[in-house]
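Line order of the protein sequences matches chains A and B.
Under the numbering used here, think of the first position of the first sequence as 254, with each following residue one higher.
Under the numbering used here, think of the first position of the second sequence as 526, with each following residue one higher.
Treat the hints with care, as some may be off.
[Said to hold, decoys possible] One side only, chain A facing chain B, incomplete, derived with CB under 7 Å:
#, residue
1, Ser468
2, Tyr509
3, Gln514
4, Gly517
5, Ser520
6, Pro526
7, Tyr647
8, Gly687
9, Pro689
10, Val697
11, Leu706
12, Ala707
13, Ser711
14, Lys731
15, Gln735
16, Leu736
[What the hints assert, rightly or not] Straight-line C-alpha distance at most 25 Å; calculated SDA-like pairs for lysine to any residue:
#, chain 1, residue 1, chain 2, residue 2
17, A, Lys644, B, Met550
18, A, Lys731, A, Thr751
19, A, Lys775, B, Thr668
20, A, Lys284, A, Gly570
21, A, Lys644, B, Pro548
None of these hints come from the bench; they were simulated from the model.
For clarity, every value in this text was computed on a predicted model and none was experimentally measured.
Glycine residues also receive a C-beta, built at the ideal position from the N, C-alpha and C atoms.
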Amino acid sequence: MSKKFDCDVVIVGAGVAGAMMAWKLGSQGVKVIVLEAGPGKQDDDARDGYVDNFKIAGTPYPLRPAALKNVDLFTNSTNYYQEQPPQRPKQGPIGSATDTNDPDDPFGEYNIISSDVASKGDWFQTNYERQAGGATWHWLGNSIRFLPKDFTLRSTYDPQPPDGGRAYDWPITYNDLEPWYGAAENSIGVSGINPTANFGTTRSTPYPMPPIPQSYSDTQMESSLDGVTFRDKWTNEDYPLQVSPTPQGRNSVKGYNDRAQCHGSSSCIPICPIQAKYDATQHVQMAQKTGNVEFRVQSVAYQVLADTSDSGKPIAGIRYRRWETDSFGNIRSTEQTVTGKLYVLASHAIENVKILLNSPCGNLTVANESDQVGRNLADHPVSLVYALTDKPIYGYRGPISTSGVESVRDGSFRKYRGAFRMEIGNDGWSWPLGDPYTTPADLVNGGTWGTQLAQQVSDTLTRQLRIGALAEPLPNAKYRVQLSGQRDALGIPLPQLTYGVDVYAQRSLNAAVAASVQIFKKMVARPVVQYNYMEFLDSRGAILADTFRNTDEGTPNIFVREGWAGAGHVMGTHRMGSDPATSVVDGNQRSHTNRNLYLLGSGNWPSYATANPTLTIAALSLRTAEAIKQQLTQ
Amino acid sequence: MNLDDFVSLSEFLVGVPFSAPLPTMTALDPKLAQVYMTELSAWSLQGPFMEQLLTTWNGIKDQPVEQRTASVNRLIMNDENLGPLARQIILAWYTGFHPWSPGQQPTPDPANYSGALVWMLARAHPMAVPLSFGYWQTAPAGTES
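With the rest of the complex left out, here is chain A (with noise of 0.2 Å):
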């Protein structure tokens, strides 16, 4: 390698696409730096401490004071995508003798960072993980592959809803993707089967391992439901409504990838204590075997170099704070800069962009000539129903969700309205709720003890069910990232959030709505639904006036929650396309104007159907890793 470069690739974040990426080019004898702004904590201590420290009724994550400060942010925020500074002390290198991190210690070592948002209440209720290994410490597992369709929604439905949303081709298709899906289920180590309803996913490799078997509930829910379908109103046109095995990135063979098998403790969000769950501190262990890999850890990247007076120069750095903290708390930083051949932005749909468009190229910010960076941004909003069931399901038990209903995700309803994907929950009512905490609480607040309160907690608590379904939105400009006037401790400018959740995916919300009531109503001899939720839309995404009344007399048994929740999945910010003028990156996320740079992450993609995202990001980093190795040798 020449002098002139400190490295071949720079990679700016250790999550799941950057420490894949890392791994499958130092395997391959690159030289990388991967610069991650958390700490590299990731051995079984911190494990241990966010299990002991996460059991708190409703809040998933370690109980601490920047955490909290936080939520008061969130609160009381104005408009700004409140990031919390760096903090713990005492911080080495990722399984360094200095690392000297203790559970116990108040202050986070990772950043719960929560948002406001725009108007009308639509906060973006999703956050992110700055730490090595990233999200994927507290994600649900689910690996799922996007369907064909999903790839070409424009051109095969074109949806044109009121509040000027609009689908966007992909510039590659399944079957370009679909061996690089076969390559991120082997190495996330994905046990699965491919459901009935799979819309045309066709496959070259088959599933690691086989399926994690499915949960009692899963089997009292699919046979209550032999043969239902559901209607979709805006087409007419009847699905079936069938539960089956979900893809999983978790172990149901001991041993694979060295990681242990699921053994169900029933935690996997926030954490599985034993890892029988992937997440990318793998990747970052396994990048670093190679011998080719530095991880910088509290480095944050701020600015890419770019020259300012031609935009198509390629980039010629990476500006980053590296922080630390005294034994006073003060948080101290250094400014550095890195370089190599080409550079990765692998920090995510809004830390990318954050770091783009406070980079100045030419007369525009790095990589914008289309306008489109920060523009798009989304989320899948979940709608949650939950059910008191006639008979005991038996919740609470084995790994959160292990089926879904795969057979609404495609159809011709999607001119009109959003897909969905149903995930059914094996933690009671955890998340619309916060039980099991919930219910013996109101019980006794509400005069119940003794013996009668020992029997309805246990009656209720065996019958808890609930239905999360993902909704399509569609991409929308008006909902973006910008830069705040305002900055963090290291003096970097904060992103400023514009969201809310469009028609398409309201339309989604409430088909999703209606088809969770109706499984449940096969699950209840006499249902009582009651709505707390979002108006129906007409065909013009006009609020129908009529919808969602409680018309049932008694008293209620399924529920609709109020609103909708974030699922974690940001996306689409700087869209991939096969025209610079409308996208920033081409089909191998690789930057239009400047072509030593590649961004990755679901900050990517150009439409967003129903599928959790890892599992498409990791395939995708993959596909990317190859295309810099060649140009690397070029």
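Use these hints to put chain B onto chain A, whose structure you have.
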């Protein structure tokens, strides 16, 4: 304050012993009882009423069960000072949460967490406690399904 009184009061308030169709439980853990009694004596939402609560209980604990239930309702659960403390005791046993301290979120201690009654009554297990592969496929042992 007498720990035995705290245990017997707790058992009456939470419904122990449990018997079918509930999972069987004959007595509460005295070590955990010591933790809860100490902490709820040190601080509770309404003030330091533990001694008064246990004295009240001591006066009614030997009554026949129906009379005892009525007495607990009248003298404890409906009392403006003792009622809130009794409900805190119940929730501590059910959820494992420590007492609510001023200005803090309810926080279950890891040591109490696995002893919370909700897990047993849900026929489940404390989250983050590994069991065995695949157990979730079937109804819990001892249930009729």
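Structure-based check of all given hints:
| no. | hint | verdict |
| --- | --- | --- |
| 1 | Ser468 | holds (5 Å) |
| 2 | Tyr509 | violated (13 Å) |
| 3 | Gln514 | holds (5 Å) |
| 4 | Gly517 | holds (5 Å) |
| 5 | Ser520 | holds (4 Å) |
| 6 | Pro526 | holds (5 Å) |
| 7 | Tyr647 | holds (5 Å) |
| 8 | Gly687 | violated (11 Å) |
| 9 | Pro689 | holds (4 Å) |
| 10 | Val697 | holds (5 Å) |
| 11 | Leu706 | holds (6 Å) |
| 12 | Ala707 | holds (4 Å) |
| 13 | Ser711 | holds (4 Å) |
| 14 | Lys731 | violated (36 Å) |
| 15 | Gln735 | violated (33 Å) |
| 16 | Leu736 | violated (33 Å) |
| 17 | A:Lys644 with B:Met550 | holds (23 Å) |
| 18 | A:Lys731 with A:Thr751 | holds (7 Å) |
| 19 | A:Lys775 with B:Thr668 | holds (22 Å) |
| 20 | A:Lys284 with A:Gly570 | holds (15 Å) |
| 21 | A:Lys644 with B:Pro548 | holds (17 Å) |
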